[in-house]
Amino acid sequence: MSQTTIGSAVARVDGFDKLTGRARYAADFHPEGMAHAYGVYSTISRGRIVSIDTSIADGMPGVIEIFHHDNFPTLHRSPASFPEENMVDELRTPFEDDVVHYAGQFVALVVADTFEHARDAAYRVKASYDADSAAANLAQGLEGGVTEANRTERGDADSAFDSAEVKVDATYTTPVETHNPMEMHATTARWANGKLIVHESTQGVIFARNTLAKNFDLDPSQIEVHADYIGSGFGGKLWLWPHSLATCAVARELGRPVQFMLPRQNMFTTSGHRPETSQHIQLGAKTDGTLTSIIHDSINSTSSINTFVEACGGSTSSLYASDALRVSHATAQVARGTPTPMRAPGAGVGLFALESAMDELAIALDMDPLELRRQNFTATDPSDGKPWSSNHMLECYDRAAERFGWADRNPQVGSMRDGDWLIGQGVAACNWDAMRNPCDARVTLRPDGSATVHCATQDIGTGTYTIIAQTAADTLGIDIGRIHVAIGDSTFPHGQISGGSWATASILPAIVGACKAAADKLVEYAANDGAPMAGADTDDLLFEAGVVKNGRGDQATPADILEPQKLAHAIGDFHSDGSPEDGYAYGSFGVNFVEIGWNPNTAQLKVRRVVSSIDAGAIMNDATARSQVEGAIVMGLGAAMFEATEYDERTGRPVNNNYAEYLVPVNADMPELDVILLNHPDYHLNELGARGIGEIGLTGVQAAVANAVYHATGKRIRDLPITLDKIMDETA
Amino acid sequence: MRQFDYKRATDTDGAIQAHAGQAAAYLAGGTTLIDLVKLDVMQPERMVDVNRLALSNIEDADDGRLRIGATVRNTALAYDDRVKRDYTVLSEALLQGASRQLRNRATTAGNVMQRVRCSYFRDGISPCNKREPGTGCSAIEGVNREVFAVLGTSEHCIAVHPSDMCVAMAAIGATVEVQGPNGTREIAFGDFHKMPGNTPHIEHELAEDELITHVTLDAPIEDAGSTYVKLRDRSSYQFALASCAAIVALDGDVIREVRLALGGVGTKPWRCSQAEEQLVGAAANEENFAQAARLAMQDATPYKHNAYKIPLARKAITQALKDATARAGNGGSI
Ligand SMILES: Cc1cc2nc3c(=O)[nH]c(=O)nc-3n(C[C@H](O)[C@H](O)[C@H](O)COP(=O)(O)OP(=O)(O)OC[C@H]3O[C@@H](n4cnc5c(N)ncnc54)[C@H](O)[C@@H]3O)c2cc1C
Ligand code: SF4
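Taken in sequence, the protein lines are chains A and B. The first sequence lines up with residues 1 to 732 when you count with UniProt numbering. The second sequence lines up with residues 1 to 334 when you count with UniProt numbering.
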């Protein structure tokens with residue numbers, strides 16, 4: 001390796017294209033003759049469509065065709081299998097029948113010559129319904145019955161809890177959150193010679209291709225899914241939603257390309273959300289703080305279309321030592337679309353409950369909350385007894401505590417002050433899975449000394465382009481400017497989804513392998529007859545810094561080798577496997593310390609500081625990794641204080657479905673963020689020592705805020721978000 | 001979005017003519033209008049663009065007043081030296097409204113005329129007396145935590161008038177100058193916006209085809225201190241949950257003159273005359289501020305999710321009075 005770029009803050013290789021507008025997103029493609037589709041959405045939350053009156057809309061300017069359940073082509077459902085990589089959360093295909101499962105479900109699709117014409121006509125389509133009553137929220141859903149999805153047990157958690165010396169027993173609730181990436185969902189579809197070519201804003205070109213193959217009964221090779229650039233997805237773009245299928249279907253029906261963009265307000269209904277949860281936590285401990293029982297029973301809202309389980313207790317069975325434990329998950333149906341993973345699904349809301357309860361336990365024990373966590377640290381994964389491949393949680397605690405100044409905290413509630421502001425300090429652990437999945441890649445070396453990497457993965461804005469380029473540059477020993485990264489195309493070698501924080505750990509080993517295979521191929525060519533090192537034993541040749549060398553000081557460039565033989569390139573392919581079955585447990589760990597200020601005179605709540613320490617394996621790029629953690633903390637702060645999709649109980653319709661009223665943090669809310677990346681490689685997981693870093697930063701943030709709020713105000717808020725009215729001192 | 005035709009006016013007479021006899025709307029910054037047209041909630045058949053009218057100046061008027069042209073952008077108004085110096089409360093209110101991009105577009109008249117943020121009004125389908133008179137009010141029994149009022153509501157409508165700028169103007173005192181087919185007239189700012197009563201679709205005093213040409217601020221109160229306190233969930237880019245514009249002038253430790261207006265809690269920019277009366281001649285201290293705050297909110301009606309606004313508004317009032325007093329000249333210290 002001539003130089004090492006891995007780990008350093010290499011600037012994004014796609015930054016220039018994004019900054020100059022050259023980067024093209026799904027809706028930036030306008031194939032010749034393209035028409036525009038716009039949806040008509042159900043205004044009731046449960047029932048049947050009685051009629052759809054298109055008489056006015058049909059005659060409006062530019063209208064090409066209006067589709068609904070009576071005239072929509074029949075599509076096939078996807079088996080929705082994760083292993084087969086055709087997962088979907090909304091099992092039903094659009095316009096399948098006249099049944100309405102949720103408000104905001106598609107009831108018609110207008111296709112017109114322009115976006116404005118399509119929208120104008122869509123407003124004039126009149127649907128009438130036969131409405132049924134339906135559960136509008138989790139509380140109402142519970143009345144309709146609860147279905148247990150799974151449970152994990154160690155020992156007898158109930159009796160251990162009953163006989164515990166110190167106990168916490170509390171229920172925590174979290175609202176629906178809606179994915180609000182900047183780029184809304186979009187599909188541009190065209191059919192050519194029996195092939196379907198789709199530009200889709202997706203976190204998984206392979207999953208999208210496989211799903212469409214099932215929907216349209218095609219061979220996957222007949223479909224191309226492109227996602228050159230994605231304006232993020234936060235999980236909402238992992239699987240396809242009805243609009244994508246519908247757009248492809250009407251493009252085929254009409255024999256012309258069609259584009260669909262999901263309006264922001266419909267991002268709140270038809271493309272998934274983080275479900276509402278109610279989590280009952282019971283912790284039992286000895287007076288010295290040793291946990292003796294952990295019980296985490298959670299229920300989340302799901303739809304009548306599919307059962308989505310939010311794995312709230314996913315981290316709970318592994319984070320702390322306790323002989324007795326029960327983690328269970330259950331669901332109840334609510335008349336909303338199907339939930340889907342949202343950044344840090346499960347632990348994202350689960351650790352709000354567990355880590356709030358740990359704080360309550362520390363108070364009950366009169367113990368420092370950080371000390372309580374240290375005391376219950378476990379060096380093996382208690383869920384299966386395996387040792388952790390690499391777990392530096394205790395170092396995270398130490399380093400972040402020191403940076404934050406935790407030792408100076410006065411544990412007395414309401415004792416810390418800055419002028420009119422009461423100060424609160426809270427801590428909560430973070431945790432996320434570490435895993436890898438199978439991945440293929442191809443590297444092509446060319447006579448001009450450049451290399452192209454092909455892989456059917458995509459960059460949702462996290463920095464995948466950049467770390468692939470870094471990995472290839474380091475492995476081949478050539479300048480990063482000579483690496484072309486070709487991703488976001490389902491026709492490339494099988495790649496991974498951008499989700500679950502496993503993209504990095506899965507993709508990079510395949511890139512390394514493919515680089516080495518391409519180098520081996522060039523070495524082999526170098527020893528061919530008529531080549532610069534003809535007759536050499538390939539074992540004596542070495543590819544280094546972009547050239548092939550022998551032991552005698554001779555070297556040959558790719559041009560020297562390929563051109564005389566009239567060869568275009570040297571190609572290397574590689575397949576890397578999923579997580580090793582080597583007796584280790586894998587995970588990433590960390591901690592968030594949060595300082596808040598609360599002004600009792602004005603009821604204002606502000607986060608002042610966050611110090612976060614994260615153990616997520618080797619850091620591939622200090623800048624992009626740091627952005628991931630900082631961005632995740634921002635989202636965590638949003639979940640803690642602002643984010644909640646509010647539904648009208650009578651209609652089931654979301655009411656704050658826009659950027660003005662669905663609150664996410666703005667710059668003015670941002671505290672100082674101080675992120676410590678431990679950067680300890682996990683070589684059991686892969687040769688780069690890389691895990692993933694996209695989600696862990698979000699976990700536990702809400703609890704750290706809630707714990708800090710308690711420290712300042714004495715109010716324990718167990719229902720997110722923590723808005724100013726919940727902690728307001730009303731006597732003023 | 002329906003088809004509409006578009007006329008760009010170059011003088012006020014032309015604008016009024018182009019507006020007359022049509023289901024027309026004046027188009028200023030478009031930040032309210034275009035949004036609601038896209039949502040199909042406002043359905044003008046013609047838009048009369050007023051951006052080229054010669055109404056973009058801020059001029060000194062007689063009696064020490066300040067005359068603001070209808071198309072002066074919110075940003076320009078907020079950073080005008082005279083406004084910053086003599087009407088701090090207005091500058092602060094403007095700068096806490098919306099976002100910088102919106103303020104760069106939004107105009108003075110457009111801000112006065114902005115529509116409610118009620119989601120049932122904006123969704124185009126829920127029963128809403130403002131959008132479709134007689135259909136009922138979905139908000140009273142609906143989700144009403146944020147942009148819904150506790151003052152000036154009726155059983156027909158509870159939507160807040162969302163402007164921050166107007167709250168400061170209500171406190172300062174102003175005159176709205178309008179021009180219509182029959183000439184010009186003036187409307188006192190306090191009379192301009194209407195409470196919903198049983199006609200929530202009638203929001204203001206402007207007659208058909210009338211154009212706002214200027215808003216003229218009353219002369220500043222000598223030696224007064226002023227401020228705008230806006231309370232909300234996030235620190236920027238959110239409408240007020242409760243806000244207060246306060247102007248205080250002192251005579252020693254005693255309040256000589258005071259103006260108080262509230263945002264986020266009223267169906268119109270809400271002037272608190274009774275509380276003002278009680279404060280004049282009283283000592284400028286926290287006890288009296290709190291007393292005034294209680295008085296200002298004593299007739300408030302809470303709805304399902306917005307009862308917290310009553311104590312929150314009291315906090316805004318007390319804090320604003322404190323801060324304005326601290327800025328007032330000629331006084332003792334508090
Ligand atoms: C996301 C978002 C957040 C916002 N947040 C805030 C906030 O926090 N605080 C706040 O105060 N405001 C806020 N606003 C509202 C914003 O201030 C108004 O949209 C803006 O002031 C309207 O001015 P405009 O020039 O764009 O008006 P336009 O949209 O052009 O017009 C608005 C209305 O006024 C009429 N009109 C315009 N000019 C005249 C005239 N000369 N005579 C008669 N009628 C006229 C139009 O016909 C239309 O009915 C927000 C808006 C948005 C979209
Ligand atoms: S509060 Fe007013 S605007 Fe909102 S639904 Fe009721 S009548 Fe309509």
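Calculated from the structure, these hints are not laboratory results. It cannot be assumed that every hint is accurate.
List of simulated lysine to aspartate or glutamate pairs, DMTMM-like, C-alpha gap at most 20 Å [as the list claims (entries may be wrong)]:
| hint | chain 1 | residue 1 | chain 2 | residue 2 |
| --- | --- | --- | --- | --- |
| 1 | B | Lys194 | B | Glu222 |
| 2 | B | Lys322 | A | Asp420 |
| 3 | B | Lys84 | B | Asp223 |
| 4 | A | Lys126 | A | Glu224 |
| 5 | A | Lys606 | A | Glu581 |
| 6 | A | Lys386 | A | Glu649 |
| 7 | B | Lys38 | A | Glu116 |
| 8 | A | Lys167 | A | Glu183 |
| 9 | B | Lys304 | A | Asp674 |
| 10 | A | Lys126 | B | Glu132 |
| 11 | B | Lys38 | A | Glu183 |
| 12 | A | Lys726 | B | Glu132 |
| 13 | B | Lys304 | A | Glu116 |
| 14 | B | Lys304 | A | Asp719 |
| 15 | B | Lys38 | A | Asp113 |
| 16 | A | Lys549 | A | Asp537 |
| 17 | B | Lys38 | A | Glu661 |
| 18 | B | Lys322 | A | Asp418 |
| 19 | B | Lys38 | B | Asp5 |
| 20 | A | Lys549 | A | Asp560 |
| 21 | A | Lys715 | A | Asp169 |
| 22 | A | Lys606 | A | Asp540 |
| 23 | A | Lys126 | B | Asp40 |
| 24 | A | Lys386 | A | Glu153 |
| 25 | A | Lys286 | A | Asp97 |
| 26 | A | Lys214 | A | Glu224 |
| 27 | A | Lys715 | B | Asp233 |
| 28 | B | Lys322 | A | Asp729 |
| 29 | B | Lys304 | A | Glu730 |
| 30 | A | Lys195 | A | Asp537 |
| 31 | B | Lys322 | A | Asp169 |
| 32 | A | Lys606 | B | Glu177 |
| 33 | B | Lys304 | A | Glu649 |
| 34 | B | Lys194 | B | Asp209 |
Example chain B residues on the side facing chain A (calculated, C-beta under 8 Å, incomplete) [stated by the list, open to error]:
| hint | residue |
| --- | --- |
| 35 | Gly142 |
| 36 | Leu231 |
| 37 | Asp253 |
| 38 | Asn330 |
From the three backbone atoms N, C-alpha and C, an ideal C-beta is built for every residue, glycine too.
Review point. What hint numbers does the structure not satisfy?
Key: 1, 4, 5, 6, 8, 9, 12, 13, 22, 25, 30, 31, 32, 37, 38
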